[in-house]
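Undergrad: With the hints as constraints, model all of the structure from the sequences given.
Numbering (the numbering used here), first residue to last: 8 to 631.
I should point out that these hints are in silico values taken from the structure, not numbers from a laboratory.
No experiment lies behind these values; they were computed from the predicted model shown.
All residues carry an ideal CB built from backbone N, CA and C; glycine is no exception.
Hints are not guaranteed to be accurate.
Here are the simulated lysine-lysine pairs, BS3-like style, with alpha carbons at most 27 Å apart [what the hints assert, rightly or not]:
| id | residue 1 | residue 2 |
| --- | --- | --- |
| 1 | Lys-500 | Lys-418 |
| 2 | Lys-512 | Lys-418 |
| 3 | Lys-418 | Lys-627 |
| 4 | Lys-368 | Lys-418 |
| 5 | Lys-512 | Lys-500 |
| 6 | Lys-368 | Lys-627 |
| 7 | Lys-500 | Lys-627 |
Estimated spans, in silico, between C-beta atoms of each pair [to be verified]:
| id | residue 1 | residue 2 | range |
| --- | --- | --- | --- |
| 8 | Ala-336 | Glu-560 | 56 to 64 Å |
| 9 | Ala-60 | Leu-148 | 23 to 31 Å |
| 10 | Ser-598 | Gln-410 | 55 to 63 Å |
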Amino acid sequence: MGFYAVAATAYAVIPHTFLPFQIQAYSVAIDINDFPVVAAFHGLLAGCHALLALDKVFGSVQARSLQVHGFHWISQQKVLKSTRSRSDVYRVTKSRVLQPPKVVQKSFRKIVHAFSRRGLFGVESPHFETVMLIRKSFQILLQSYQGYALSVFMPRAWFNWLFVVTILVNCWAPIRVQRRFADDLPRARLVNIVLDIALDFLTLMVFPVTLVVPYYKLYDPDPFVQGFPWTVWYDDVWFINFFLEARLVFVTSWFNLAVKMLLGLNLLSGLDLATSLLDKATPSTAVIAPVRSAPAATSHLKQSTHRMYNLGHGMLALWGLGVLICHVAAAVVVTPPQCVQGVRPWFITTPSCSLFEFNCKRDQVVGTANEVDRILSTMYPPSLAYIIIRHCPALSIPPRIRQFNSLVGIKVHNSVLADWPTVARLNAHDHDRLRFLMFVDVNMTRLPDGLVGNDFPPLVSDIEFSISNLTSLPDNLDTAWPGLSYFILERAKLNAFPDVLTRMKIQVLSLGGNAISTVPAWVFDGLTMRAVFLNGNPIATLPELDPGLNVAENLYRIALDSTNVSSLPSWMTPELMEVVWVSLGNTPWCSQQPATPATEMTCVPLSEDDFTQYPLYMEKDIVL
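TA: Okay, here's the thing in structure tokens:
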């Protein structure tokens, strides 16, 4: 109950936090607008669990002793008593209450009877084992679907093994229990149901909580942090783990929601059955009643049922063996050294990586198209989400890059980008999941053809260049990169503010460490920009703005550290600086200001690590 209540609360609250941007940016969950519907389903399931718990409490209070039976208000005796007196009730109240059609009354009585102790789904049903076998098969099928999803997305091998073990126990334990308690049918039923509950509890609650807790501890609701610390998004391993594991925790589709809800209902049903079996024996419930028939027919029926039951559990045992074989076959596939985070999807014998690092120093190559192609050819394309290329003195991107249509990000570090031809260009058809590109300490005199095609991946919203020799940007960049909202071009060779940026809907812009001396007014008007970083540019004056503009409406960060700013425009008032985080460390303006708490915060000099928006220090220690 508590788990589903917390899950419902989380789905209701998350749309109002800083997480929707990351969730939508990387498509790790169902559309954020559907979160209230998902919350409602989890809340409904939590309510059902609460009703079951309240039933035990009220039943115990009414009986003045601990009662653990199933739902007492739908017991067969009460239903029969109710149906006998219903005609009298209707005669008295027919002028005030509309009598339901007889077909509705009959259907209701049949449904209630089916879930009573001796009904089809009851604990004393002669078909109990058959019903449980069908339930078990359905449960194992859903768990196997989850196990396959784990094999595709989960990079932690121990977690996958633990989940597979739960499937194996679910497949193999029931027949062992049935043989162990062959002479005690009620106990055999109880043990099987309790085992069912324990396995559902593990797969539905323990496993997801294990994945969520580390991220919950890291999350910070502070408006300046905006969720997770910004540096963790540049930690390659952390990012790929978040990207993959979030897809396992969140509801990713309506089918995925249906699977989670069905498993939750199976857990609820198991709890009700278990409490029914624990009920104190009464003259009507002390013995599990057999179906009355002629002795010969009864013996034949028992033999047929027994054979069917054994056949069913034999098939489940074979299913478990098949799951084990699939998992072991995937686990023994040898991953190459370039595979930083490997996954092991069932039915695939090719090495599968979620995070792949091609390091020219380690591999003793220079990065020619043939060398890169040879390494990439060993990878299973559907699994590869993130490619990192490092330390290549003559890097050329081969056309094979177009085969990796599951790519979310590409990073090039400490390399000379010799060629990225049109035949290897990033495009909407082959890279429809691509979200970001990073070029860190990369020598390139211009943007290569492979990065500026007319059919550039539309979901790319984050492109970053930190340390390069770019001197300008193409004039058609606004049409080439239509979805760009986060743009970094730091420590390059820009002499002027690129005009093409005025036609782009960029929300976060960093042009630190260039040679820009003037900045257009639109950068600060707060209409599109949310954060602007201009550290280390020879900017002496800032533009004036229309007095009617509300700069603080969207803008929350202005960084002008190590510039030549000696005076502030009229719109940059002390009141604005209380709302918008403005930093002016190591500027002439700060040297002229008296020491006050406000100026001390504004004028704190940036450290070398904080000077650029891209955390370069995270790459310094990576050599091999």
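Undergrad: So which of the earlier hints does this model not fit?
TA: Every hint satisfied by this model.
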